[in-house]
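**Student:** Below, each chain spelled out in residue letters.
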Amino acid sequence: MPRLQAHTVRALALLVGASVVSTVAGVEFAQMWEADRVLPGDGVVRIGRLSEYHPGLRNTRYDAMVYYLEGERPGGTALVLGGTHPNETAGFMAALVLVERSVVASGRVVVIPQACNSGFTCTDPLEAYPQSFPVATASGVRTFRYGARAANWVDQWPDPLVFMQYPSNQQLSGFETRNLNRAYPGRPDGTLTEQAAFAIMQLIRREEVDVAIDLHEAAPEFPNVNAIVTHEKGRDLAAQAVLALEFEDLQYSLELSPDNFRGLSHREWGDRTEAIPFLMETSNPIQGRLRGKTSAELLVTGSDSLYARAVRSGVMRVTYDVGGEPLKRRVGRHLAGILALLEAYSATYGERPIMLANVPSYEEMITAGLGAFLR
Amino acid sequence: MNNAIRLGAITALLCSCTLLGTAEGDLRLKEPVLITSAGQSADVSMAELLCKKAGVKATVLPMARESDLKEVKTLIIVAGFSSKGLGAAGVSREEEMERVQGMISGAGKNKIPILMMHIGGMARRGGQSDDFNKAAAEAADCMIVVKQGDEDQLFSNIAAQRKVPLHLVDKMSGAVVPLKELFPKEEEKK
Chain W
1 MPRLQAHTVR ALALLVGASV VSTVAGVEFA QMWEADRVLP GDGVVRIGRL
51 SEYHPGLRNT RYDAMVYYLE GERPGGTALV LGGTHPNETA GFMAALVLVE
101 RSVVASGRVV VIPQACNSGF TCTDPLEAYP QSFPVATASG VRTFRYGARA
151 ANWVDQWPDP LVFMQYPSNQ QLSGFETRNL NRAYPGRPDG TLTEQAAFAI
201 MQLIRREEVD VAIDLHEAAP EFPNVNAIVT HEKGRDLAAQ AVLALEFEDL
251 QYSLELSPDN FRGLSHREWG DRTEAIPFLM ETSNPIQGRL RGKTSAELLV
301 TGSDSLYARA VRSGVMRVTY DVGGEPLKRR VGRHLAGILA LLEAYSATYG
351 ERPIMLANVP SYEEMITAGL GAFLR
Chain L
1001 MNNAIRLGAI TALLCSCTLL GTAEGDLRLK EPVLITSAGQ SADVSMAELL
1051 CKKAGVKATV LPMARESDLK EVKTLIIVAG FSSKGLGAAG VSREEEMERV
1101 QGMISGAGKN KIPILMMHIG GMARRGGQSD DFNKAAAEAA DCMIVVKQGD
1151 EDQLFSNIAA QRKVPLHLVD KMSGAVVPLK ELFPKEEEKK
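Protein sequences, first through last, are from chains W and L. Using our numbering, the letters of the first sequence correspond one by one to residues 1 to 375. Using our numbering, the letters of the second sequence correspond one by one to residues 1001 to 1190.
If we strip away everything but chain W, and leave its shape as in the complex, we get:
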């Protein structure tokens, strides 16, 4: 048997080492392909998929689940989207609470908890993000995926150098080509992200959605956190909701959707459908650039000593409570915001009320925790 030279042995060892690391990483990565367990509650009358509105999404990871909740009394229709950005967990969780817990008294509520379903199958590279996080519920500890901001590269590749938003031709960073909230109104023969956006537009039209709410989160240093962003046609309703929320000691700022920033839900849904769109943001430290140790704990507790230091220094404006911005608070804010918007809508459009029941109040969420409201 010929004797191997030293450099060959080193090369083989490196190859074996790389194979082991790749296999372990690959197995871990593939675990994210497994869908999160959703346990629909009594309020859900039908479960569908986004591909019902655009068959092109069938058998793709963009084919998100759609949950339909319907009341005994007639009324209007609301759409609630979580997971437009899968790394903005409170949006996904608030939508999940609606699916697993709430009941519609009047009208209909359509919920898509993981709107950018593809983005839940990976995390953003170089951010040290956790792949999942635990939530203790009555049925045991459930884990949910923490996804990326946009869709998975594996599902839509490659990114262009410059993304030309359709149909505005607005130029954005190439990365944004996989961002669902830059893809509206979408098109049936476009990229998969554009097709998903197209399907959501079709859903809004076919289901005759009156109020459409897109749930987001942002870094504490982002100027528009704890805000409700709306199209000009939702301005009065949002103002009513902001004032109502203030009575619950929840402060929100009201922001208007810029007409010249295209592709966003609050702009395109409002311009191209009958729906009145709203987008809500909460403050999520794990998304911020000042954060320290990045872990599932940070995602759930929202507690970060470096943000606390930033607040105390007073050098920069950050929306961060020195006690932390826990997930339960962020979810509670979203749920309170949804209720306030639907109440404002129902009060204004009395002939098409949309009334939700069994939704925990902000106080209940803070006291009992998120897990208490999941099955």
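Hints are computed from structural coordinates only; laboratory data are not their basis. Treat the hints loosely; a few may be bogus.
What follows is a list of derived Cβ distance ranges for each label pair [to be verified]:
hint, chain 1, residue 1, chain 2, residue 2, range
1, L, K1134, W, W33, 48 to 56 Å
2, W, E363, L, K1180, 24 to 32 Å
3, W, S139, L, K1134, 53 to 61 Å
4, W, T60, L, K1070, 56 to 64 Å
5, W, Q170, L, D1026, 51 to 59 Å
6, L, V1091, W, M316, 20 to 28 Å
DSSO-like cross-link-like pairs, simulated, lysine-lysine; straight-line CA separation at most 27 Å [what the hints assert, rightly or not]:
hint, chain 1, residue 1, chain 2, residue 2
7, W, K233, L, K1171
8, L, K1057, L, K1180
9, L, K1052, W, K233
10, L, K1053, L, K1109
11, W, K233, L, K1053
12, L, K1057, W, K233
13, L, K1053, L, K1030
Predicted model only: the values in this text are computed from it and were never measured. Virtual Cβ for every residue (Gly too), placed ideally from N, Cα, C.
We have chain W already, so just place chain L on it with the hints.
**Tutor:** Coordinates of chain L only, in the frame set by chain W:
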């Protein structure tokens, strides 16, 4: 001559009493009211809703110009910057500041009192907002400010220096009370 001096002195005394009265919070404002923005935040919509709750009829023109001041008896400037708002209005920060200065000077020329409202708390303070906050506060005849936005006493200090009434309220909804006081109904005036 002596009579003329006496008349002048009495007039001056009456004027100063009126001003003192104003400074102590007796300012009474009249409709029609124009609400505009300084910084294009959507807080103008909140101000409109608060006015409605206070029974004050107001027209909202976030991008109002000096020419919109005809027939107006009170100008409400809602201070606070919003990048989204500027984008929605399609103007730059500099253009917005120029417009605000134009409105302030137009109100001065037409002797229209300015009520400044800062109701967005800390979200409408700091870097981008404070130029607009200061411009509006330094021209105001009266201010309504949500306390959270005055933690560093920016507005309190300006109000004290300029001797103009400042209504600090705990929450946005609290602005309804001073609005009702500032715009008394006819029967209340009697």
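**Student:** With reference to the structure, classify each hint as holding or not holding.
**Tutor:** These are the hints, each one checked on the structure:
| no. | hint | in the structure |
| --- | --- | --- |
| 1 | L:K1134 - W:W33: 48 to 56 Å | holds (55 Å) |
| 2 | W:E363 - L:K1180: 24 to 32 Å | holds (30 Å) |
| 3 | W:S139 - L:K1134: 53 to 61 Å | holds (56 Å) |
| 4 | W:T60 - L:K1070: 56 to 64 Å | holds (59 Å) |
| 5 | W:Q170 - L:D1026: 51 to 59 Å | holds (53 Å) |
| 6 | L:V1091 - W:M316: 20 to 28 Å | holds (26 Å) |
| 7 | W:K233 - L:K1171 | holds (26 Å) |
| 8 | L:K1057 - L:K1180 | holds (11 Å) |
| 9 | L:K1052 - W:K233 | holds (18 Å) |
| 10 | L:K1053 - L:K1109 | violated (30 Å) |
| 11 | W:K233 - L:K1053 | holds (20 Å) |
| 12 | L:K1057 - W:K233 | holds (21 Å) |
| 13 | L:K1053 - L:K1030 | holds (16 Å) |
Going through the hint list in order, the structure does not satisfy hint 10, though it satisfies all others.
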